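Number of protein chains: 8
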Amino acid sequence: MNEQTIEKLLKAVKNDDISIANALKKMKSLPFEDIDFAKIDHHRQIRLGYPEVIYGERKTPDQIAQIAQKLLDKKSNILITRANEQAYGAVKTIAPEAKYNVIGRTITIEREHIVPPKSYIAIIAAGTSDLYAVEEAYETAKILGNHVKKVVDVGVAGIHRLFAHLDIIQNARVVIVIAGMEGALASVVGGLVDKPVIAVPTSVGYGASFGGMAALLSMLNSCASGVSVVNIDNGFGAAYSASIINHL
Amino acid sequence: MNEQTIEKLLKAVKNDDISIANALKKMKSLPFEDIDFAKIDHHRQIRLGYPEVIYGERKTPDQIAQIAQKLLDKKSNILITRANEQAYGAVKTIAPEAKYNVIGRTITIEREHIVPPKSYIAIIAAGTSDLYAVEEAYETAKILGNHVKKVVDVGVAGIHRLFAHLDIIQNARVVIVIAGMEGALASVVGGLVDKPVIAVPTSVGYGASFGGMAALLSMLNSCASGVSVVNIDNGFGAAYSASIINHL
Amino acid sequence: MNEQTIEKLLKAVKNDDISIANALKKMKSLPFEDIDFAKIDHHRQIRLGYPEVIYGERKTPDQIAQIAQKLLDKKSNILITRANEQAYGAVKTIAPEAKYNVIGRTITIEREHIVPPKSYIAIIAAGTSDLYAVEEAYETAKILGNHVKKVVDVGVAGIHRLFAHLDIIQNARVVIVIAGMEGALASVVGGLVDKPVIAVPTSVGYGASFGGMAALLSMLNSCASGVSVVNIDNGFGAAYSASIINHL
Amino acid sequence: MNEQTIEKLLKAVKNDDISIANALKKMKSLPFEDIDFAKIDHHRQIRLGYPEVIYGERKTPDQIAQIAQKLLDKKSNILITRANEQAYGAVKTIAPEAKYNVIGRTITIEREHIVPPKSYIAIIAAGTSDLYAVEEAYETAKILGNHVKKVVDVGVAGIHRLFAHLDIIQNARVVIVIAGMEGALASVVGGLVDKPVIAVPTSVGYGASFGGMAALLSMLNSCASGVSVVNIDNGFGAAYSASIINHL
Amino acid sequence: MNEQTIEKLLKAVKNDDISIANALKKMKSLPFEDIDFAKIDHHRQIRLGYPEVIYGERKTPDQIAQIAQKLLDKKSNILITRANEQAYGAVKTIAPEAKYNVIGRTITIEREHIVPPKSYIAIIAAGTSDLYAVEEAYETAKILGNHVKKVVDVGVAGIHRLFAHLDIIQNARVVIVIAGMEGALASVVGGLVDKPVIAVPTSVGYGASFGGMAALLSMLNSCASGVSVVNIDNGFGAAYSASIINHL
Amino acid sequence: MNEQTIEKLLKAVKNDDISIANALKKMKSLPFEDIDFAKIDHHRQIRLGYPEVIYGERKTPDQIAQIAQKLLDKKSNILITRANEQAYGAVKTIAPEAKYNVIGRTITIEREHIVPPKSYIAIIAAGTSDLYAVEEAYETAKILGNHVKKVVDVGVAGIHRLFAHLDIIQNARVVIVIAGMEGALASVVGGLVDKPVIAVPTSVGYGASFGGMAALLSMLNSCASGVSVVNIDNGFGAAYSASIINHL
Amino acid sequence: MNEQTIEKLLKAVKNDDISIANALKKMKSLPFEDIDFAKIDHHRQIRLGYPEVIYGERKTPDQIAQIAQKLLDKKSNILITRANEQAYGAVKTIAPEAKYNVIGRTITIEREHIVPPKSYIAIIAAGTSDLYAVEEAYETAKILGNHVKKVVDVGVAGIHRLFAHLDIIQNARVVIVIAGMEGALASVVGGLVDKPVIAVPTSVGYGASFGGMAALLSMLNSCASGVSVVNIDNGFGAAYSASIINHL
Amino acid sequence: MNEQTIEKLLKAVKNDDISIANALKKMKSLPFEDIDFAKIDHHRQIRLGYPEVIYGERKTPDQIAQIAQKLLDKKSNILITRANEQAYGAVKTIAPEAKYNVIGRTITIEREHIVPPKSYIAIIAAGTSDLYAVEEAYETAKILGNHVKKVVDVGVAGIHRLFAHLDIIQNARVVIVIAGMEGALASVVGGLVDKPVIAVPTSVGYGASFGGMAALLSMLNSCASGVSVVNIDNGFGAAYSASIINHL
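Sequence lines, in order, name chains A, B, C, D, E, F, G and H.
Once you know that position 177 of the first sequence is 177 in UniProt numbering, the rest is easy, because the numbers rise by one and skip nothing.
Once you know that position 27 of the second sequence is 27 in UniProt numbering, the rest is easy, because the numbers rise by one and skip nothing.
Once you know that position 90 of the third sequence is 90 in UniProt numbering, the rest is easy, because the numbers rise by one and skip nothing.
Once you know that position 136 of the fourth sequence is 136 in UniProt numbering, the rest is easy, because the numbers rise by one and skip nothing.
Once you know that position 237 of the fifth sequence is 237 in UniProt numbering, the rest is easy, because the numbers rise by one and skip nothing.
Once you know that position 153 of the sixth sequence is 153 in UniProt numbering, the rest is easy, because the numbers rise by one and skip nothing.
Once you know that position 81 of the seventh sequence is 81 in UniProt numbering, the rest is easy, because the numbers rise by one and skip nothing.
Once you know that position 78 of the eighth sequence is 78 in UniProt numbering, the rest is easy, because the numbers rise by one and skip nothing.
Rather than coming from a laboratory, the hints here were simulated on the basis of the structure.
Covered, in the sense of this in silico footprint (three residues per stretch, anywhere, with C-beta under 8 Å from a C-beta of chain A), are these stretches of chain H:
| # | region |
| --- | --- |
| 1 | 153–165 |
| 2 | 188–198 |
Taking beta-carbon pairs under 10 Å as the criterion, some of the chain A residues facing chain G (in silico):
| # | residue |
| --- | --- |
| 3 | G127 |
| 4 | T128 |
| 5 | S129 |
| 6 | Y132 |
| 7 | V204 |
| 8 | G205 |
| 9 | G207 |
| 10 | A208 |
| 11 | S209 |
Simulated crosslink set (SDA-like; lysine to any residue; CA at most 25 Å straight-line):
| # | chain 1 | residue 1 | chain 2 | residue 2 |
| --- | --- | --- | --- | --- |
| 12 | G | K26 | B | H247 |
| 13 | A | K99 | A | A65 |
| 14 | C | K25 | C | T5 |
| 15 | C | K118 | D | P116 |
| 16 | B | K149 | D | I67 |
| 17 | B | K14 | G | I20 |
| 18 | B | K25 | G | I6 |
| 19 | H | K150 | B | D62 |
Computed from a prediction, not measured in an experiment: that's the story for all the values here.
Virtual Cβ for every residue (Gly too), placed ideally from N, Cα, C.
This is chain A alone, in the form it adopts within the complex (with noise of 0.2 Å):
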């Protein structure tokens, strides 16, 4: 908000143009009329070059469709993630070309392809019981516009596995680690690379692993510099912060 405004307030004041009342009630919203609205009320998909992801738990089939619906009027690429059978069936009758991955959970539709930068994004898992984040995380990546190298079953119990994998992990722009019980794996990696290391805490295990807890806690304290954390079994949020730096 610039002088001009409040002057031309005042102005209007004084020539009776506006009741003292009324100008009152302007000056109380000041602050916020004043924001560029063009700044920030974007479509999400410009403002952050994305398509449009819809989260599908709690919805119903139709409720998911009515939304892909709407957003494939304004061509918009889309994923849904945590989406069951009967939701890809609803949507599959919109959007014929609509894709499942039933273990990751995710249905994709892309309209328009997103040529993806020649780097690569690394996705580093513990065990083959980490593979639903794993595919969450895979195909979020894909379907925001990037190579992806996926490298399963690598936990540090058996360390040598991990070590036969160095150059996928060491070449990749961004490394994505996920794992559950003591998610020791980031720590691991975390001082094997240079480069920027998201750590998915998932919630396989029982007992003291408290629903993915454990996995979290060692994440968030790491030995290692350079690794940085995202809810537990939220594959997604890590493909979304690893595609935001593999295109910087």
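Let chain A serve as the given structure and place chains B, C, D, E, F, G and H on it in line with the hints.
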């Protein structure tokens, strides 16, 4: 010591400017030393391209100074975090050019200037009480070779203050968001930029903030995509990750 | 039954329109009944000026219908929360005008219309997945005699959506803010209005949301003054408090 | 500075008692200043109708005094919470009329008296050990322009003590209930009044009170409708909300 | 153990009646050998004067019936807690007089009637949703030989309901208080009686009740003296303790 | 409340002895007016038959002495818990016969000797580090008029030590078990006696004892029936309950 | 890594046999290149001398059978934990000699008999409801080649039952203690033997057992030395450790 | 005192070198003494074959010295953990040969040398800040009669440091792994050895390490088999278990 140093050495070998025996002697004294003698990880600097970091907590001034001395012998830049004034006193006797940031509790010794990339890191903080984490992040980012812009006291309770700095935030290459209490700033900023956001929960608050737990959980559950999180009060870790991204 | 009913009764006594014996009989059957016979708190309606509320969780349809029948005999308005469709079936047989809100899981029976004050309650929610709490709050506020305006899907990740509704929010007499995940909306709204804000954390989220804990802690630590909080998913409680304030 | 000041200014403009240029100059120095220069939120006072609040924790006496000085220049009333005696000493040098509440740890400077509404706020506390929160709430309510009545040491273990003050409680416009340990007082009071109840859990207790957690959870789960809750020990927040309600 | 045992052993050594190796072995287990097993190894029923209790959770109907059969052979009275209807079916085939309490989920078989003391146990519960714990406590107290009086639905939100039953509460020899949500009833009752109060937190509630945690912490922090607490939903344990006290 | 009260009120309305407005107001407070306050508002000492207790934590020596003075004026016996030596100094000036237990941090003033029942309370503690809770319980039990026997340092890691005192434990009328760390002693003792057992978890321990949480949970989950639990370190509460039982 | 490797590299640079860029890249991975992978990359069975283990949770019968088939091709013994009957059905088709333990939910295939040492492992459990963990431990210990003795239902509430089996416990080479609820058995057994004790907390219990948390904390805080702990319900892990010790 | 002492005594009895009365008197003064007089568990040493341990926390120097004196009278070796320098001062006056480990905070008095087995215990620690636990474990293992090898500062963030010591780790008979922060070292080491691994989480860390909770949970959820865990910072307990195993 960084890649350039080794590269230069290799070139000297190639050009016969140095004998293989002498080159070997020079190299032996650094990254490999840790295998034969101590375990100070000189090699980390080469592998990860960064100066050496000393975590000052629970270390006496003497211990800190001794470790610093060894690293200085290798011509490393040095960052000491969580350092008190006594530690600074001890370090200054061996490195008079060492600088102390009282608020951030960091000591930095810059022996070799790293030319920063043109892009900058933005550090956004909710309140003046978060300054200790801001300064730790700032000093870390600087010693790692980055331009940094700070915006402090823009908590969401007066959101127009944040909007007044939209330009700085949106033009950064990577954004660090620092907030205590409910940590809502991370989500709001995350929704405004298309750059990687690294969130630092702080222990600022009382009662049900549980030492930063409230802000930490808040940030992990951010409804804005592209936000990853580091440990409570870990300004260093956020800046380390941000610097890696800024140097990509 | 409310104050008016008793007042009318007292006037009838005064005017000899009813014998003291009959008036006594009428009165005995309500607020005092709970002391002599059952413990259904009819008196609450008089004391607090509100309809009777039945918490439907862990109650069979039959139990709910029986309690409702007793209250209907006293001509009370009735609100049943956390009710499933079976409960609605049972209630409809005794009160065909009963209405069921599928999303909010409420049954309402309005026997006596309460004239609402002119001011209104605003219910602001972060996402469509919070609708179950929104509808519970909405039905509660309506049956308690209030005008209500709802604004849904204005989470802070796209904050321009919120600003588009500033008028509705700032002109309300009291504002209910409903959000899951990190619950940041409460702080942002709290900073925009000079009216009481009642925050409802929801269990929407996963992983480190810990069933709504993240949003709850976030709201309790709100950096915005004037925000008070109710239990997770407690749309009813928020609307109840809001209604009291709106009727002041 | 409050609405009246601006209203007066607008009237002066209208009546040609002040030139537009001068009015503009006067206005520029307050709410808008925060956008151009500092970030002290002068506008908040206008927008929310309240004095400026400084959270004293983790701030040095000097810092507090400096912030207070800036606010005094704008003729704001000032409330400083969590302030120690050193802070009071520093503030008194710039505002000799400043008052210190030792128990509540508040400093108040009243430059402009706010005429309170006729209705009052009741502050009800379980024990004398909760006094620190009582006094913080009391001073907050006073500086915000309210009549306040305090009832202390009426914990539920001797419930007749509470009943002895039913009149004060039931005739208030809004009731603040402050209790530590098991926090049961909130539920009992909530069942006795038809006014909004704002509950403040305190950290009074030991062992399984976990720093106020027990009282907090207790109050959030109150079986009495119409009770909302603020952070542990947050007497300020409760009074702030109560004042908003009392001024409606 | 007394000296005689050791003396005898030493003599045996001296007389070569035992080898040194064997004597040494005997001595190693001495401190336990000398326990008067008569003191501790009586059948539980004799030692504690009570029937046998079977915890039915995680046991199949067959397993329960088999254990019951063994105990019936010894003419024990039997109490089976957390039993479903299938378990009841299986037990009835071996003990047709077995009784099932659907709400309390208990099976009782009374082979030998215990004459109860004249004093009675009062069971006070906050709401009808706590009935499952009430009935478990009731059946336990009955089979253990006690008179019991129940007062249900007297939660503190309508505290006059509680006062209407003061006589029953104050004349009991021991009082069991059962409540979920915030569990405030225990403190209020604890302040009204001069008898032992045993509090049972229940898992009734949602959100921040965290499965009964809120009520549990509340009761442990009761400001009323003379209140002790058992596990969440442990109606059995409370009645067991109460019965011991009632039989003193 | 009985019919007569209402009948009288109705007659007064009829005879114009009271306005309808006033009658209405009276009826709103009826459920409380009819409480027999004689039943609940006796002085605590009379009602419960016990001395007055002052919780010394967070109170200054002066405050404690003042409260003590008031109670002494009524000839009460006095127990002050969590008192430091300064408090004792202040109390001794007004009651020279006051006694201080350094370990238990209690001050006791006995003005009127209570003749204890013949039966005794046994206090059993796991280790010498639990002595502070033992002594608090001991002094409480003594001032409340009880014989007490103490058995200390009989933790389950050397269970023969416990058996050496079986007589004292089994002959008590009520047993208090005090233990920190894993609190296993409560279960073992609970299995050995047919008397009420009140368990006191202590904060003795480190690491995963989480300030007594481990012992608390352990005791609440005791596999031995007849064990009830009080707050962590609450020797006072256990002795208070035990005394009530011992005086039955 | 030794000097020769570097020397050779430097010579290659000098002789233009390798580019500087490639030499630099090689040096960056040096610290790992020189790892003697023979030391760490053996097949797990060879390295640890044990059969292959498949964690059956979250795996389909097909996946389990496929993995088993691959391992059988290598003639490994196989242990599948957390397996349901469907998995057993699938495994039996490829290995008819496979055995299923219904309670322990394990499938074992023994292709090569391991001769057990003479000493045995004792498995001690508090209650019959802990049997699922007992059997998992038992099957694990057997397939790993151990003699095992089981003692079940010796919880501390009836401690004489435990003493009746002192011989079995004290003569074992290593003792596994399995208990839910308060887990006190670990401390009592730990105090009775001079052998390693491995404690397994189980999720048996309800309410404040918090899924085994109470037993876990209890065991970690054991006052008996020589007790170490594994995850909740982790019978497999305890037996694995015990087997390693038994084979030393 | 150990078995040899008793054996010698028995031989003396057999050979008439001592009268039965005198032998009895000698024996009475030790393992049985605890039953009659004090409760210091002399018998433990015989039963478990180990010196006496005093937990120094919360004990005054005087108390520690007194207990030590009694034990010295029995010629026991003594280990005092969590001891400060004052305690050492007091102990040295009665046992001048006592040794103090400043970092480990242990006092040791070795009256009788235990010949260690040939195999050794390896203590592996992540960082220098874990040294306090390392030294506590070291002193414990030494006084219990063991060879010990220490490897410190081999955290997983620079995993090549760990590999440099593979020989020491893999040749130990039992391995103690000590780590704070995320505790990942336990899983990595667990995957490298076929020996029992005992993990010690330390409280080293900040923020979401929650006093060692993160490392504790991490170690309990280790994906490597054969890892068992002791309490946070419990170097003593780990070494005690390790020593038992090393002496098998």
